[in-house]
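Asks: Which chain is which? The protein sequence lines are A and B, in order. Residue numbers for the first sequence, in our numbering: 7 to 178. Residue numbers for the second sequence, in our numbering: 1262 to 1687.
Take these hints with a grain of salt, some might be off.
Unchecked claim - To give an idea of the interface, some chain B residues facing chain A are shown, with a C-beta separation under 10 Å as derived from the structure: (1) GLN1336; (2) GLU1338; (3) PRO1340; (4) GLU1349; (5) GLU1351; (6) PRO1352; (7) GLY1390; (8) ALA1431; (9) TYR1528.
Stated by the list, open to error - Stretches of chain A that chain B covers, calculated by requiring three or more beta carbons in the stretch to come under 8 Å of a beta carbon on chain B: (10) 35-49; (11) 65-72; (12) 81-94; (13) 122-131; (14) 135-148.
As the list claims (entries may be wrong) - List of simulated lysine-lysine pairs, BS3-like, C-alpha gap at most 30 Å: (15) B/LYS1397 to A/LYS115; (16) B/LYS1540 to A/LYS100; (17) A/LYS107 to B/LYS1626; (18) A/LYS109 to B/LYS1625.
Calculated directly from the structure, the hints in this document are not laboratory data. C-beta atoms are modelled at their ideal positions from N, C-alpha and C, and glycine is treated no differently.
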Amino acid sequence: MSLAFSENAQRRFDLIVGRYPNLQAALLPVLHLAQAEFGHVSPEVMDFVGHLLGVPPIKVQQVATFYTMYNLAPVGRFHVQVCTNIACYLTGGKEILCHLKQKLAVENKGTTADGVFTLEEVECLAACGTAPAIQVNDPHDPEWPIAYHENQTVASADALIERLRAKAGSNG
Amino acid sequence: MKNLDVKILTKHLDDPTLHTLSGYESHGGYGGLRKALKGGMTPEKVHEEVKAANLRGRGGAGFPAGIKWGFLPKQTEKPVYLVVNADEGEPGTFKDRLIMERNPHSLIEGCLLACWAIKSKTCYIYIRGELFKSYKHVEQAIDEARAKGYIGRNILGSGFDCEIYPHPGAGAYICGEEMALIESLEGKPGQPRNKPPFPAVVGLFGCPTIVNNVETLAYVPWIVENGGQAYADLGCERNGGLKLWGVSGHVKRPGLYELPMGVPMRYLIEECAGGMRGKVPMKGVIPGGSSCPPLLASEIDIALDFESLKQANSMLGTGCLTVFEEGVCTVRLASRIAHFYEHESCGQCTPCREGTGWLHRNIKKLEHGEHLEGGLGLLESICNRILGNTICALGDAAAMPIQGFLQRFGDEWAAHLGAGRCPVEA
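The following block holds chain A by itself, in its conformation from the complex:
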């Protein structure tokens, strides 16, 4: 087993598994932890997590493939997720998605050639009162790896992408 958690992640792992009467119950939070640590949930990561929790690889795979938040393949530095469900649909989410597809020259779930952005159309983000909403995952941000950007317009979404691009350029 070549993978290993960093000291910080190991501390977090110990805290998590202490919450449940059995190890399998920790599978979802530990997969989140592993994804943050290793970038995406590869078969190797699934084996690693299964080994840690004493869960057969097939059960880890069933879980990793059932839930949408686990990335089975690498994604861009910024995973930009545009909601187009009812409230966002009514307030321009679809137009934002179209604009970002053109701007980044990618299709749904595509990653830009420079590896900076992955764009994805997603389901309701529970931000309907502040629609349209965009969720941006940034694994490099230890404090807020998942951020919401609400009350978006095509112009503000465009500016958001520029800000993120600058952040990636400065390695921030």
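We have chain A; now place chain B onto it with these hints.
Replies: Okay, now just chain B, sitting in the frame of chain A:
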């Protein structure tokens, strides 16, 4: 009409420190817990107050919380669990997020009181994975409450032990269904179990379990402090208390408004949300999340309670309204909803796994003005084959809004048949 100025969960929302322990306590927070544990309120007494409150489940189904708690076995050797359903994901719904982000201690105090009432020592708060800020604030609230002695062993010297843990979901709407949520919490795919047995008998880790929504529990501290009858009196018949109502879509002031159960829908849309955003009149409203059949603009003189909406062939659901104006094509809107349910079906039951996709494909055809073999009757027949034929309610949630759109906007849908284009939107 009831007093519309009473607020509970949003009363101190203008305090930017409300999400911290000191902020919450500065407004009398944890007074309910003190009253119960130090004021000699037995678990049975707390349970009685919640029953008297007519507190209906705020997750959408509206089941009375006090009655649900009563389904637990009277004697059991096994641990009893409280599980909080914080997997907010019903399209159109955005209320639990507000509680977790800005008033999380009301939830924590509610969990502690519920655990006291049902004699549970362990509570898990299952928070939708995308809601990172909610998770952070709930986790911080738990840590602060533990440091203050509200969580842990021998709470307030009462001999009561209780632990609360946050648990992140990972992206699956189905986990808002209580049995799927329990499976997910056990580290499995979120595929609902057959009922019975109900979770109160065989739930998390095979033990008696109560699953309650965030908002439901967040109202419990006020009920314990002020009495169940006082809470019931704030609402209307059989629908006690206040609720967080949401309005989104084409209104002037989308957002959340805390008002009594039974408040007129027109008041919420026109007075609170300021009516329509522009000059275009209202066409319809989805009352409580995407699974609720829509109402026409002419139907909004209706009391927002579980029974009234049911009578109107719809549902109160989560109480978060999505308002849309004239010019919106209801076939296209319904197509987006049908896409959602196809995407979120867990795949366990054939009528739902196949039916949701079949329904979506045909509504999509209709959206573009294609001909449907069997006309609109085809859509009705697909709905009827899903309804009632699945383990959980996701299949019903996919079929009911489509039936509702057909009932309310049948002419518009018929005009799409074979038209070669959408006759509503340019």
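Asks: Take the hints in turn and mark each one as holding or not.
Replies: Results of checking the hints against the structure:
1. GLN1336: 21 Å, violated
2. GLU1338: 15 Å, violated
3. PRO1340: 8 Å, holds
4. GLU1349: 5 Å, holds
5. GLU1351: Given a least distance of 7 Å, the restraint on B/GLU1351 holds.
6. PRO1352: Given a least distance of 4 Å, the restraint on B/PRO1352 holds.
7. GLY1390: 5 Å, holds
8. ALA1431: 4 Å, holds
9. TYR1528: Result: violated, 17 Å to nearest chain A Cβ.
10. 35-49: holds (count 3)
11. 65-72: n = 4 at 8 Å, threshold three: holds.
12. 81-94: Coverage by chain B holds here, the residue count being 4 at a Cβ distance below 8 Å.
13. 122-131: n = 3 at 8 Å, threshold three: holds.
14. 135-148: Per the Cβ count (4), the hint holds.
15. B/LYS1397 to A/LYS115: Between B/LYS1397 and A/LYS115 the Cα gap is close to 27 Å, so the pair holds against 30 Å.
16. B/LYS1540 to A/LYS100: Holds, because 23 Å separates the two Cα atoms, which is no more than 30 Å.
17. A/LYS107 to B/LYS1626: Distance ~24 Å between A/LYS107 and B/LYS1626 Cα, so the pair holds.
18. A/LYS109 to B/LYS1625: 27 Å, holds
Of the numbered hints given earlier, the model fails hints 1, 2, 9; all others are met.
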